[in-house]
Amino acid sequence: MKRDTPFTLLTNGSALSWSDVPEWPLTEFLGNVGAELDRGERLSGLFGVPEGDALRIVAVLAFDAGNTLAVGRSQPFSGSFPALTATHAQAHLFEREIWEQHGVVPENHPWLKPVRKDHGAGPAVGDFFRVDGSEIHEVAVGPVHAGIIEPGHFRFQCAGEEVLHLEIALGFQHRGIEEAVTGGPHRATVYQMETVAGDTTIAHTTAYANALEALAGTEAPLRAQWLRAIALELERLANHTGDLGALAGDVAFLPTASACGKIRGDFLNLTALLCGNRFGRGLVRPGGCPLDCDAERLSQLRKRLETALAEVQQAAAWLWDAASVRTRFEHTGHLHAKQAAEIGLVGPAARACGLVRDVRFDHPTGWHRFAQVPVSVWPDGDVFARARVRWLEIQRSGDFLREQLDAVPEGETMAPLPALAPNSLAVALVEGWRGEVCHVALTGVDGTLRRYKITDPSFHNWTGLALALRNQAISDFPLCNKSFNLSYCGFDL
Amino acid sequence: MMESSAILLTFTLWVYVAGMAGALLFQRAERLANAVGFGLAALGGACGVVFSVSSLAAGQGMTITPVTLWSGPIPGVRFVVEADALSCFFVLVVSLVGLAISVFSLGYVRTYYGRKNVGVMACVFNALLLVTTLVFIAGNLWMFLIAWELMALLAYGMVSFEHEDRETRQAGVLFFIMSHLDAACVLLGFLVLAQAAGGFSFASFRGIGASLSPQQRDVAFVLFVFGFGIKAGIVPLHIWLPVAHPVAPSNISALMSGVLIKTGIYGLVRVCFEFLGPPPMWWGASLLAVGTVSAVLGVLYALMEHDLKRLLAYHSIENIGIILMGLGASLMFLHTGHAVLASLALIAGLYHTINHATFKALLFLGAGAVLHATHTRNMEEMGGLAKRMRWTALFFLVGAVAISALPPLNGFVSEWLTYQSLLHGFGTTTSLVRLMFPLGGAMLALTGALAAACFVKAFGITFLAQPRSDHARDAHEASLPMLIGQGVLTAACVFLGLFPTVFLKLLDPITLQLTGHQLSQQLTMANGLVLSGVAAQGGTVSTLGIMLMFGCLLPVPLALWAVFARKARTRIAPTWDCGQRALTPHMEYTATGFSKPLRMIFKALFRPRREVQREYDFSPYFATTLRFESHMEEVFLTRIYRPVNYGLLRLSRRLRALQAGSLQAYLIYIFVTLVALLLFAL
Amino acid sequence: MFVQDTLLNRLKRGCETMAYPKGAAPALPDRHGGALRVDAARCDAKCGACVTVCPTEAIARPAGKPVALDLGRCIFCAECVTVCPTKAITRTGDHRMAVRRREDLVLGDASKEQVRLAQALDEKLRRLFGRSLRLRQVSAAGCNACEADTNVLGTIGWDLGRFGIQFVASPRHADGLLITGPVSKNMELALKKTYAAVPDPKIVIAVGACAIAGGPFIGHPQHHNGTSALLPVDLYIPGCPPHPLTILDGLLRLLGRLDEPTGIR
Amino acid sequence: MNFDPLTFLGQTLALLLLAPLLSGCIKNWKAKLQNRRGPRPWQVYFDIAKFLRKDMVISEHASWIFSLAPYVVFLTALLAGLMVPMISAPAPLRLFGGVLAVIGLLALGRFFLALSGLDPASAFGGMGSSREMTISAIAEPAMMLAIFTVAITAGSTDLSQIAQSTQSATWKLLNPAHVLAFAAMFVVLLAETGRIPVDNPATHLELTMIHEAMLLEYSGRYLAFMEWGAAIKQLVLMTLLVNVFFPVGLAGPQASAAALGISLVAYLVKLLALSAVVVIVETTNAKMRLFRVPDLLSTAFVLAALAMLSTFLFG
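Residue numbers (my numbering), protein chains in the order written: chain A, 2 to 494; chain B, 19 to 700; chain C, -13 to 251; chain D, 727 to 1041.
Quick caveat, the hints were computed from the structure, so don't treat them as lab data. It is possible that part of the hints are untrue.
[As the list claims (entries may be wrong)] Here are the computed distance ranges between Cβ atoms for each label pair:
no., chain 1, residue 1, chain 2, residue 2, range
1, B, T394, A, N472, 28 to 38 angstroms
2, C, A13, A, R370, 31 to 41 angstroms
3, B, T656, D, L998, 54 to 64 angstroms
4, D, L998, C, G0, 15 to 25 angstroms
5, B, E651, A, A338, 36 to 46 angstroms
[Claimed, not checked] Computed footprint of chain C on chain A; a stretch qualifies when at least three of its residues, placed anywhere within it, have a C-beta under 8 angstroms from a C-beta of chain C:
no., segment
6, 69 to 81
7, 145 to 153
8, 302 to 312
Keep in mind the model is a prediction, meaning the values are calculated, not measured. Positions of the beta carbon are idealized from the N, C-alpha and C atoms, including for glycine.
Work out the full structure: start from the sequences and follow the hints.
Laid out in structure tokens, this is it:
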């Protein structure tokens, strides 16, 4: 159904010419974006495109109810722009990023701090938010964390054991991917796309492939799209199983923790069965999937999938059956649905607050147009809800894989990719296991990538973790952190 | 032999008088007044110690002859002094602590040069020592009450010594009111006894309880418990103690906490064991119960404090509670006829009295030295003092280990004796009241553990980690006399801890006098190395043995060091901070943060209230300011004292209506009273 | 109740730890391909097909000498294997790739067709860490794949604990650092402070192409192209990400816990 | 004064060698219950030997307390161990202290451990110290009441005396007082040695640690002494539980070699059985929320109070 909106609508994984994107003066553009957000739409991307020394801001909105995307851009401007964050919290990180990357100042932005680097001095410097009170003390859990996890800085304001405020400073993993892609796609670009977030390789590379295929005006062969969907669900299974094990490990519940550790390895080996790499490196390329799988390999995949799913069923049963675990999970790190919607959460974190948001359901593309995966939702918004959503997604991904492996499409898996259309914009959304991965590609006059914007789901969800910790015990922080299990390198790019 | 100790005693008193006079005389020359005043006080303390130790060591040979100090113009009013074993013990307490504090004060009062009148302080200090000694050795009612009243007045003078700020003046007034409340109760109690005994001398009071009717004895007992209880600071009569002690100058707080609250204990022991005759069961049980409650509440309130001196003041309440547990158990054993157990419990109580006097005075002197260096009592602004005030930190640590009843120091020995008496108490009676003993033991264990937690906080936040303020950063070590003062008390703690059997001999004459048994032989084994309980296989302990074993086992780690780690080097590096830029003092643990879990566990008692003000300009997710305040309710103040206070005020307001101001009304009042008296007289 | 259930399940399944290194090593996935091998004879000097196709410029063509493939920079995408006309670069399927010296990873010269595998630590360090090694893992801009495969060594299948190797929380308890990621400039201070916090004697292990030479992000100004720019490295484990078997083989080889002869080639 | 150096040296060596082995066994069994091979039981020896040889890094903010604490923790645990009967009823240092001295020595060790946690000015150390002192403050009355129950029936605080008097009347082992006291002491054991329901010894997460948080700043031989002291403390508490509350098979004062042999075997069997129970509790329970631990310990207090009441009811 068409809605009267000034923005140009386009479906997920399609492209349009740069001139078709509606253009308004800055304040009117921001007014339009604000109006759409007030109507309950979601902001998938907001980034700057430099034009000479001026800057245009491009907005990508997701009309979930209308199952369509919408894009719009502002006329070139410079200096500063009125911040949307004052009235719409979900734009706050995007505007900080625009300020950091392009130097235009969002006026009266309530939390204007660097996103990834502190202009040469490295992240987590400068004044953190301080709670005043004589008995308040700061707990600073620095970049190097206990255990094997990526670096990030968490600054707690505590009154004894209770956390009053948590501020998260990231940027330690910044490798400068977006700067490297401009003028691409170069030889290393696809490998960099695979390592934007190492545990979400398939989702990011599929989004990259969809964007380039949209720009080239083609589509991957059906069997390739099928193979990509299979790999995406395998990746989801592996990571969710790993998370259930890690959650059990954080509350020292050894049966599930040890079992899930092993089962995650089995799921990763299933992906390795398809492409030789446990994380799916080399499985997806623009134009299709270079490595095809014969029937014997697929039946072996089917058989090993059954055993792994049975084992994870057993391990999860222990988790839900143990009362000592349940008392730890429930009412910990609680987020209301209203809060989740206002700060724009995506993925399992949003679905655990009762929001029905899933790119495979709202904006189906590739094989998901033909085979549906039901959306897993749980109402409470606490650690228990996030764990249950993960468990539901494991079951539904398992069913999807069984169903798809019984009906394998025929045909080629790789097609040569024609040249990219000049001066056109492509948007590709994929439901990674953490949530909506959004790649936006803009080609210049000569058909090379003039601007490439990657938005990892963690970019939306880190604020959710900071909120979930308020008025919680600090000893529950690792549990809440693992229930979100967000990517540091996906945020830092 | 008796003659020489009497001379020594009078000489001690005259030295104090000389100290007072000297201090007043040289008021102008502060340095001289300080030296003369506190020097003579130290001399008096030393003489007092020699006197009491020699007379206690004399043991059986001590004959008690009352000596008339001064018989004034009013007939029948004579000031009689009589130093029996119990008095000598408490004179030892006041003299030992007085000696140490005087030496400490030589260095400490230098801060008052030019600001306050040091001469007056020295004079009042000497007077306090004199009067307290007189309280302990008072022979008759006149001497006791006059000395008691003078002690209260002088202490009030010292509490409001720094009368500049309002808080001190209010504390002084509260102290004054409570002192006179207890003086009134004590006076009424003694009048009940005097009315039966016909005279005012303590000799005539001995065993007077037998001739009193049970109701009169109970009334006297309750009056004495109230009177001496307020002075000792038992819960619920304790509210003045954590208010008054912290505001006094540190050396005076040490004297008050170390000695003055012991006068209450002396009074209770003198009255309950000597004057009131065989005690009924509920006396001992009530003292044990009040002692347990005081111990637990004292330490719980101490945990919540982040003002160093208030924390120590609350701990005085806790230790008084432990002493009362010993005395209460002793009274219960007297009732059930177990005299040996009664003397063991009494020894436990008395031993803890002198222990508390030494380590509490030591901790207050330590706090004084810290306050002297950092100009603040708030622990949240201290930190890192161990490296700047090395000796004070060591002495404070010894005091902390002692007060937390950890082996091998004296706190552990006296609590061990208390546990022994509580343990054997279970078998002494078959009535349900015997369950109080194990429960008392469990609460004593809770008190010990909470005290340990409190002193980890007090020592850790004050002396360790990074300094939290500029004052703390440039703190400097205390002066030599201050260190010597603390050193004397530290030595006393170590001696009382390692050689209990030696000290127990001094307590023999007291238990002989009060409960008719000498236990030092029975409690000593392995020629003085081991301290044992009264029962045959009842369990033994040897703090000296533990220290020897520490020395004996030390070669094990040293050998491992020599064998494995000879070539290992040590490197100093910044604290591991997860690789971030730098650890700031603001990231250190705070005192309130440290005790927060316990505040949450005992929230029924503390009723913590917390207010969080969150201000934001646009959206609640981005707060501009966040303020957090939490307060605890002073339960006793709000639940008991304030209602009583308001009730009195309302009543007095209503009575003011009587003062109508018209002459006729007054005449009518006179007439009505006359008629009433006549009717009554028929 | 689940208690009996878990215990019964435990007895049924028995010990799920693999027999390696006593027994045979688990097979690599068939399409993984393992280490690369450069056959100098087959490579003719004029052809440069592989040099242009390698995404991380791991292959260089020194004048007059056979092609030089730096396995440290290689991310095992196998583009060069498919494009080489004379099949000079082949996949050996061998999981053993860990080396002690950076130059042992450069293949191509006559005597250096394959990786020169790591020798064990010297006698003193081996006596110290032989049976008890505690590592502090630092992710300096790693993409979470190398971290995941290092983490999986702790699960019941691989069970690193049985060799006395353990990952610890505080560098004070550690004997060395295990670094992943190309060491971003933003993580430089943290890595240096962590290294300084570890008591001597200490070792440094670089896991993954990023930690060795910058991996797919080689040359970016935002990072230091690997660990050797900042810290002395004792063990290099190539791969993107290296298979857990490769990492375990490297660790055991470093501690001299592998009894089979190392320098066979 | 019957102090013979032979049992003194014997028990010291036994304590030093058995403690790491016992904690190694517990770690190994926990691994076995997770279907993995896990570290060998004598792995703890290797770890301690390595730490002894390594250099040390000490925080710049640390004072002399930081260097004194490892020796105090190590020696107090060792000394407490020498006062508890292991093989023969009279413990070597029986005269120097009964059960009150054992609790006092362990408390002294904990006092200095907590101070060393606060010393290096890191938030984790402070957090660990605060939690350790809170939990021990709540556990102490429960432990004391359980010990009072047993001490009152034996009429003494001397551990050997208690063990022998409980042993003499065998039916006494089964009366409710002892069973309840044993249960209360078991819960206190889990709290004092930092086992799963209260604290997770094998965790990496600084914010959830209690005991480990205080050791984060230690390295080299100090860390070896601290770990060894903690292992010895665990062995002491288990021996207290096994030999005093359940003294089956404990040899009398002048026992023959055969009786000593039986006593040694009985002691080891009981110790391993108790470790097995601890392992099963650890592998089937999640770690409790920090503010639920006092509830667990107050149930231990109620158990001990019931034990006390039952001595009163059943005489």
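Looking at the structure, which of the earlier hints fail to hold?
6, 8
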